[in-house]
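Engineer: Using the sequences and the hints, build the whole thing.
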Amino acid sequence: MIKLDDLTIKTAGELLSQKQIEAQELTKYFLDRAQKLNKKLNCYITICAENALKEAKRVDEIIAAGQKISPLAGIPIALKDLFTTKGIQTTAGSKVLENYVPVYDATVVSRLKDNLSIIIGKTNQDAWGHGASGENSDFGPTLNPYDFKRVPGGSSSGSAAAVASGTCLAATGTDTGGSIRQPSSFCNLVGLKPTYGRVSRYGIIAMASSLDSIGHITKTVYDNALILNVTAGLDDFDSTASPNPVDDYTKDLEKGVKGLKVGLPREYFDELDSDIKELMLSTVKTLERLGAQVIDVSLPHTNYGVATYYIVQTSEVSSNLARYDGIRFGNRREKFGAEAKRRIILGTYTLSAGYYDAYYLKAMKVRRLIRDDFITAFKKVDILICPISPTLPFKLGEKISDPLQMYLSDIFTVNPSLAGVPSLAIPCGFINNLPVGMQIIGPYFSEKLLYQVGYAYEQDTKWYERRPKV
Amino acid sequence: MPVIGLEVHIELATKSKMFCACSADYFGAKPNTHVCPICLGLPGAMPKANKLAIEFAQRFALALNCQVQLGSKFDRKNYFYPDLAKGFQISQYDLPFSQKGFLEILSGEKVKKINITRAHLEEDTGKLNHATISGRRVTLIDFNRSGVPLMEVVSEPEMNNAQEAKAYAQKLQQIVRYLKISDADMEKGSMRIEPNVSLRKVFFGSKDPKVTKVLPPYKVELKNINSFKFAEKAINFEIERQRKILESGETPVQETRGWDEKNNRTVSQRSKELAHDYRYFPEPDLTPFTFTQDYINQLARQLPELPDAKIARFQKEFQLSAYDVEILTRSVDIANYFEEAVKAGKRHQLTPKQIANTLINQKIDIDEVFPAKLVQNIITQTQKTQLDPKELEKIVKKVLLQNLKAVNDYKKGKEVALGFLVGQVQRELKEEGGPRQVKEMILRKLKP
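Residue numbers (the working numbering), protein chains in the order written: chain H, 1 to 470; chain C, 1001 to 1448.
Keep in mind the hints are simulated off the structure, nothing from the lab. Being a predicted model, the structure only gives us computed values, none of them experimental. Hints should not be assumed to be uniformly reliable.
[What the hints assert, rightly or not] With a Cα cut of at most 25 Å, we get these calculated BS3-like pairs of lysine-lysine:
hint	chain 1	residue 1	chain 2	residue 2
1	H	Lys10	H	Lys39
2	H	Lys86	C	Lys1048
3	C	Lys1439	C	Lys1390
4	H	Lys380	H	Lys448
5	H	Lys365	C	Lys1073
6	C	Lys1244	C	Lys1233
7	H	Lys362	C	Lys1073
8	C	Lys1051	C	Lys1100
9	H	Lys448	H	Lys113
10	H	Lys3	H	Lys469
11	C	Lys1048	H	Lys113
12	C	Lys1048	C	Lys1166
[Stated by the list, open to error] DEER-style ranges, computed between Cβ atoms:
hint	chain 1	residue 1	chain 2	residue 2	range
13	C	Lys1188	H	Val103	23 to 31 Å
14	C	Gln1163	H	Val103	35 to 43 Å
15	H	Arg342	C	Val1267	39 to 47 Å
16	C	Glu1187	H	Val103	32 to 40 Å
[To be verified] If you want the ones that stay clear, here's a sample from chain C, every Cβ over 10 Å from chain H, calculated:
hint	residue
17	Lys1048
18	Gln1067
19	Ser1091
20	Thr1117
21	Pro1217
22	Asn1263
23	Leu1286
Cβ coordinates follow ideal geometry from the N, Cα and C atoms, glycine included.
Structural biologist: Structure representation (structure tokens):
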């Protein structure tokens, strides 16, 4: 008997292609589990049972007909509720869009559909992507599968909890200032924030357009690379999607880290929580043992990151949320939650005449300096290793009444976002039985290298095998 | 002295809209049929710039003698209005596609140069339709126009009367039509003009530009103008209105006023004291544009002959009066037609002047009559008028003798009798003679 809980995309794909299991069987198993666990974890806003089963049937017919299929065919995937899905309610985690049913699919969604992935549901999230805990969802918070009293991170909270609890094999996410990496870290998962422009943003409800990076969360590095193979690349509908060629990201994964120069930016370790620091340093030791060369580096403008980020991001948020003016989409502006209102007001202020130069323009200048920090560092080293979260997964309610504390959760993740460089979150152990992740940051379009490093570390440590008891 | 600046909006006649693939040709279409996620501003949708629209804008800018920028970008202009799908308009702020141009207009007999501040590209908004449905007063939104490429041309406040403003706007329209980048139809709304009007005190004798160029402390923007005639009327009304206020010792309110065509007056729409803060910032969904000077030069070389150049050439090449040339160059279609007819007429020894006369005096419909056919017609008419005068004289004499009653009637003052006589002569001629020539001969014979 196959234990379906431990499946990855890779192993599930093998079972499907060897006809040891049918897509319908697989889909039904995950749907049942999603429906059951959603009552505990609240990781889905919508579960698409009927559609998913219909699609799975189609996949089975295609497999039975002997057609060559994508490694993602028949794989149950969940989508963050910012991803526009034709005919399926898309809420962005906000009551403002409750009952909004899009008429088109986001580019990433249609690419996943073209590869015959099965969309089993839309995941819960902080409304509009605003938050680091999932508690800003208008549909109730999601719980961390490793500790139900704690948050799964955010804003891709439902996506992380859904994958960690084994209700799907992968979930998409968006990362504007850490929204994929931080929940991945809190839930012992692999999460990619690609280079800005690597994956099309078309059809994904915008939070801050110059920062939004479209990625995904999986159990393993290999699975993660498989999905990027499908989602990356040019898109006629997104002018900011990069023409940079798309690799086969699963190729050369075993290349290892021998001779690789790994930079440790000192600004990220100076005041780090001692337990997390210790864990991070042991991770670095592992990489050294695997043949990497560790070098101390500096990213001097690191400390300006959060301030810069909360000006640029809120400015763009204030403009992007303007269309929800109560005239269309069926709900009035009163439905906006406190955090969205806070960001609209902040962003409106920073863009206002008389303040623009002092805030937005200044922030854009600092953003350039932060970007230059990374460019300079990557002249010396191949990759950077940093912590993701300054704290362990925190308790529900612990930070929600203090917005500034919540914003500081992003302290290690916003700088790669401002620079637009890719960053891969990888599990690196547990403290007090709570997962801790690290991020591997690389130069623009170095996703392949990030996967190689992540894979080498993952195969050595196998943290992904430690599943939560749900 | 009136100080007038013009903001002109022109919808570009591209096939698709500015940022999506929907048809931009919305006029008369059923509401909300030319729409997609992008121009409806649906969540997640993103703009994609229409390259042809940018090229149109650049060509127009070159025709206006503007500096076409090598680097440009779009910005978001944030404001709330029900017809604005995204809660912001994609427009251009500090780096428009072009700036600093000029246009020459005729002011009376003199040529006057009007400077152009900038010409930028933006997207048009949807349209609000106020209606009553089942007894309820409602406002309906039609998004067909949303996202249609719109060019905004801003002039310096250098016009001093309504005629100049009209001449400027007409010149813009003519250039747009020469370039075939828009039909620039005021009634259809594909060209909209918003004059800014104020009055400046004149200090006689002063030539110091600090005195003569100083702008009044207010301005009034005029909207809702859908013809050149209304523009002229609205400006004249406004000048008088402001003059009276100023003469009473007060300053007119800075505001937007609409033209009320029923009552022939302007009415206050909204006060500009609450100036909008549009919170412009660079549109993050569109990457900035860069162009090479070579590319711009190439666009400039590809420009068609523009009205001023055509006028000069027609006068020189065809030896025509300024009056004729003005009419013949009003549209590029008439000008091309004329040139073709001249070419065809040359083989038959017809002069450009003969062709111009026929074209202008007989109000030829150039869509109905081909130039070659026009030339044929002129030749036939000329032949008809070249009857042998002796032969004609003989017939006229004969007809006059046969119709003494009519001759007497005419002499008593009955004009119709003359027409009758002409008809009789033409019948004898088997309708070959031109009526004018026949009439002249009869009159000569009837002279005492």
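Engineer: It remains to establish, for every hint, whether it holds in the given structure.
Structural biologist: Results of checking the hints against the structure:
| no. | hint | result |
| --- | --- | --- |
| 1 | H:Lys10 with H:Lys39 | violated, 28 Å |
| 2 | H:Lys86 with C:Lys1048 | holds, 21 Å |
| 3 | C:Lys1439 with C:Lys1390 | holds, 15 Å |
| 4 | H:Lys380 with H:Lys448 | holds, 19 Å |
| 5 | H:Lys365 with C:Lys1073 | holds, 18 Å |
| 6 | C:Lys1244 with C:Lys1233 | holds, 17 Å |
| 7 | H:Lys362 with C:Lys1073 | holds, 19 Å |
| 8 | C:Lys1051 with C:Lys1100 | holds, 23 Å |
| 9 | H:Lys448 with H:Lys113 | holds, 24 Å |
| 10 | H:Lys3 with H:Lys469 | holds, 15 Å |
| 11 | C:Lys1048 with H:Lys113 | holds, 24 Å |
| 12 | C:Lys1048 with C:Lys1166 | violated, 36 Å |
| 13 | C:Lys1188 with H:Val103: 23 to 31 Å | holds, 30 Å |
| 14 | C:Gln1163 with H:Val103: 35 to 43 Å | violated, 51 Å |
| 15 | H:Arg342 with C:Val1267: 39 to 47 Å | holds, 41 Å |
| 16 | C:Glu1187 with H:Val103: 32 to 40 Å | holds, 34 Å |
| 17 | Lys1048 | violated, 6 Å |
| 18 | Gln1067 | holds, 24 Å |
| 19 | Ser1091 | holds, 13 Å |
| 20 | Thr1117 | holds, 20 Å |
| 21 | Pro1217 | holds, 20 Å |
| 22 | Asn1263 | holds, 32 Å |
| 23 | Leu1286 | violated, 5 Å |
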